[in-house]
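There are 2 protein chains.
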Amino acid sequence: MQILKNPAKETWNELLKRPMQDPEQIRESVTTILDDVRKNGDFAIRKYTRALDGADLEDFRVSPATMQKAEEELDDALKDAIKRSASNIRKFHEAQNGGDISVDVQAGLRCWQKAVPMDRIGIYIPGGSAPLFSSVMMMAVPARVAGCKDIVLVTPPDENGEVHPAILYAAARSGVDRIYRIGGAQAVAALAYGTQTIPQVDKIFGPGNQFVTLAKQMVSLEGVAIDLPAGPSEVLVVADKNTPPRFIAADLLSQAEHGPDSQVILIADDEQLIDRAKRAVEQMMQQLPKQEIIGRSLESSKLIFLTDQRQIMDMVNYYAPEHLILATENADELAGEVRNAGSVFIGNYTPESLGDYSSGTNHVLPTNGAAKAYSGVNLDSFRKRITFQKADRKALEDIGSATMEMAKAEGLEAHRKAVEVRLNDQNASL
Amino acid sequence: MQILKNPAKETWNELLKRPMQDPEQIRESVTTILDDVRKNGDFAIRKYTRALDGADLEDFRVSPATMQKAEEELDDALKDAIKRSASNIRKFHEAQNGGDISVDVQAGLRCWQKAVPMDRIGIYIPGGSAPLFSSVMMMAVPARVAGCKDIVLVTPPDENGEVHPAILYAAARSGVDRIYRIGGAQAVAALAYGTQTIPQVDKIFGPGNQFVTLAKQMVSLEGVAIDLPAGPSEVLVVADKNTPPRFIAADLLSQAEHGPDSQVILIADDEQLIDRAKRAVEQMMQQLPKQEIIGRSLESSKLIFLTDQRQIMDMVNYYAPEHLILATENADELAGEVRNAGSVFIGNYTPESLGDYSSGTNHVLPTNGAAKAYSGVNLDSFRKRITFQKADRKALEDIGSATMEMAKAEGLEAHRKAVEVRLNDQNASL
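Protein sequences, first through last, are from chains A and B. Here my numbering is used: the first residue of the first sequence is 61, the next is one more, and so on. Here my numbering is used: the first residue of the second sequence is 61, the next is one more, and so on.
Don't read these hints as lab results, they were simulated from the structure. Do not rely on the hints blindly, as some may be mistaken.
Identical copies carry no separate label here, and so any pair may be met within one copy or between two of them.
Said to hold, decoys possible - Listed next, the in silico PhoX-like pairs over lysine-lysine satisfying Cα-Cα at most 20 Å (straight line):
| no. | residue 1 | residue 2 |
| --- | --- | --- |
| 1 | Lys-77 | Lys-99 |
| 2 | Lys-362 | Lys-77 |
| 3 | Lys-468 | Lys-139 |
| 4 | Lys-468 | Lys-143 |
| 5 | Lys-129 | Lys-209 |
| 6 | Lys-350 | Lys-468 |
| 7 | Lys-301 | Lys-65 |
| 8 | Lys-338 | Lys-65 |
| 9 | Lys-209 | Lys-174 |
| 10 | Lys-362 | Lys-338 |
| 11 | Lys-69 | Lys-362 |
| 12 | Lys-468 | Lys-107 |
| 13 | Lys-129 | Lys-139 |
| 14 | Lys-301 | Lys-362 |
| 15 | Lys-301 | Lys-338 |
| 16 | Lys-350 | Lys-338 |
| 17 | Lys-362 | Lys-65 |
| 18 | Lys-129 | Lys-143 |
| 19 | Lys-77 | Lys-65 |
| 20 | Lys-174 | Lys-468 |
Chain A with its partners taken away, still in its complex shape (with noise of 0.2 Å):
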């Protein structure tokens, strides 16, 4: 861990630099799965499925029987956070609900635009020992609650052709409407083209290795949507010399023990909070799985002391980072001020996991500095506005005359006929 003390404004852009990614090494694979998957549909997924993950599937999709398998097997007290959870962030999807809006723009002339959920929508969840099922959470139950009408997850299988339990309740519990045992680039592949047996879906979502990533990513330029460009997860916390260092060193500590490549901040205007919590950092650390994680994502990290109030949340809002913790005494003002970030959690009781998992935000969020200009998932992720206008031939005749004079300057000479032949016809009906 790195301490600063009082950076000048010059070194913050090199002070607060990401990694860069770059998936040059992997591209040809990745081009040759999509194109094969596009050729050869069900069996290239196969083939890759048999060749990736270890497993020889005939039918890719998970079975009621699988499905029922799961939720008997599952301990009751993780069902039942589950539930609690998908509770909250059913709650607070809904809220965002509604926002239909409509204007008279002038007499005669309505102007609305109305959210419509998309038809289908895809689903990645990475495999492994300890999966990511709060993920199908953050993404099923918005899905839903948007009005989707067909939710697709794909997920890898162990080498047995199997899927965590968690992951199948989550979706059960989550709206979801099939599963479908395939990942890695040919799944994205599944959801952006289709297969004999896949569907192909209007936008794909979730978490994934560089080889899902960078398949989003190209499929995206395809024309296929996606939810977020992907990288690193990133905390930076604002803590103040009433901000107690246990709570600190957990919060950094729940944000590196993802990945070595993890980001971790910490900025406060005391020196000797910060050093407190730098030595709590040190001592938690020893009671943690993941400690080669950790530490490796700690080399890079910053304790950031910053004598001037105002540039603390200048620095916040340069950074725009994924998940913002304000645990000062006046984290309530501070959070007013916030311009750029994923998501923000207020005080001493508010830790990142409580959003990660069970406060009712989502958790899939902008990272690498996105922030300032993405949205994290929300209900308008799985929905479009249309946008609706109609006049009668009072409003045309009134304001048609501005539409014709613009499209005559833009050279667009049937732009204006469009109108002027509707002036001239005295006998259509409205």
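Chain A is already provided as a structure; the job is to place chain B on it using the hints.
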């Protein structure tokens, strides 16, 4: 114009296929330009502006004196038309304001979502003798309504280093903060990376040629947000026996005059109407400039007769048109069944050109089927939604157990500990 009668559903995919874009040939030159601008800033910009636009500029920025001159030069009728249209655009986008939500998901745990404007956005406007000043308004007016602090416009200069006065006037009326006389991939690079004189922006908007489009795509992979995937413009008209054929013809031709790859489709349940519309197009075309462009676009246009009423809206939603004109007697009813479209024009007095300029809706819309997952440009294109949460100790005691249970199951011990240390601490203040 190809007439098709009751095409079978299995043929829709082939029938409604859009032309493929292949940017591969220009990828190398765009890559070179992007790299050059990133490394050499203004020096590279000046070089490309000299080579590609034929203007050698020492200062790219448009001066206040030039802005003043543009206002004086421009025709009063056009200025008035711009003002009236901008006013409608402002009204409709102002109505999209608000939408912040706050929920107590449980006692002591509040979650909220706030729309926050992007700090600085960039708008690209192509040059030429009939420049798209209407697009200036479509992006700058909502950016201003959203509250962006700095609205930067770039547009290529002519050989004399000048910009069309209509662009300058529309920019001034719409609240653009500064204008730079640069274009092409080099302008996109300037906005994406920043140079000595041109500031880096959070998101890049606007239409352009294939170099601009590819440059936007490429910088988007580096994390710079862009507005929409770009493709040729499209209109789909739904008509019945009562729709005046001249109205249909003018609307189809409005689309066709945009470019040789514009997509023009008519669907109707009346064979005679289709024949009459076809004749009206052929007749009206004779009175128009740009006949070669129109002719090439119409070559691939489709006039589709569908008997089955339900199939009409199925085909509309399958195609997901950028512009949808519903000019049937039951247009209001059909409007309720639209699931995929950019913007919808209802009735006989709402030509597409009204929305292109003056109705108030945005004309930057998803093409190429992207309307299945993308909205057109709207107020939220210039804002992001940030989520916040705040729990008190009691709420954390309640829901924290669910968080700890799930963190444990995902193998994230520090996440679990971040709740535990707080519940174990008796002394921390709120």
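How the hints compare with the structure:
no., hint, in the structure
1, Lys-77 x Lys-99, "between (41 Å within a copy, 17 Å between copies)"
2, Lys-362 x Lys-77, "within (11 Å within a copy, 52 Å between copies)"
3, Lys-468 x Lys-139, "between (65 Å within a copy, 13 Å between copies)"
4, Lys-468 x Lys-143, "between (60 Å within a copy, 16 Å between copies)"
5, Lys-129 x Lys-209, "neither (25 Å within a copy, 55 Å between copies)"
6, Lys-350 x Lys-468, "between (67 Å within a copy, 13 Å between copies)"
7, Lys-301 x Lys-65, "within (16 Å within a copy, 76 Å between copies)"
8, Lys-338 x Lys-65, "within (14 Å within a copy, 74 Å between copies)"
9, Lys-209 x Lys-174, "within (17 Å within a copy, 28 Å between copies)"
10, Lys-362 x Lys-338, "within (10 Å within a copy, 69 Å between copies)"
11, Lys-69 x Lys-362, "within (15 Å within a copy, 59 Å between copies)"
12, Lys-468 x Lys-107, "neither (58 Å within a copy, 34 Å between copies)"
13, Lys-129 x Lys-139, "within (13 Å within a copy, 70 Å between copies)"
14, Lys-301 x Lys-362, "within (18 Å within a copy, 71 Å between copies)"
15, Lys-301 x Lys-338, "within (14 Å within a copy, 77 Å between copies)"
16, Lys-350 x Lys-338, "within (18 Å within a copy, 70 Å between copies)"
17, Lys-362 x Lys-65, "within (10 Å within a copy, 67 Å between copies)"
18, Lys-129 x Lys-143, "within (18 Å within a copy, 65 Å between copies)"
19, Lys-77 x Lys-65, "within (17 Å within a copy, 60 Å between copies)"
20, Lys-174 x Lys-468, "neither (31 Å within a copy, 41 Å between copies)"
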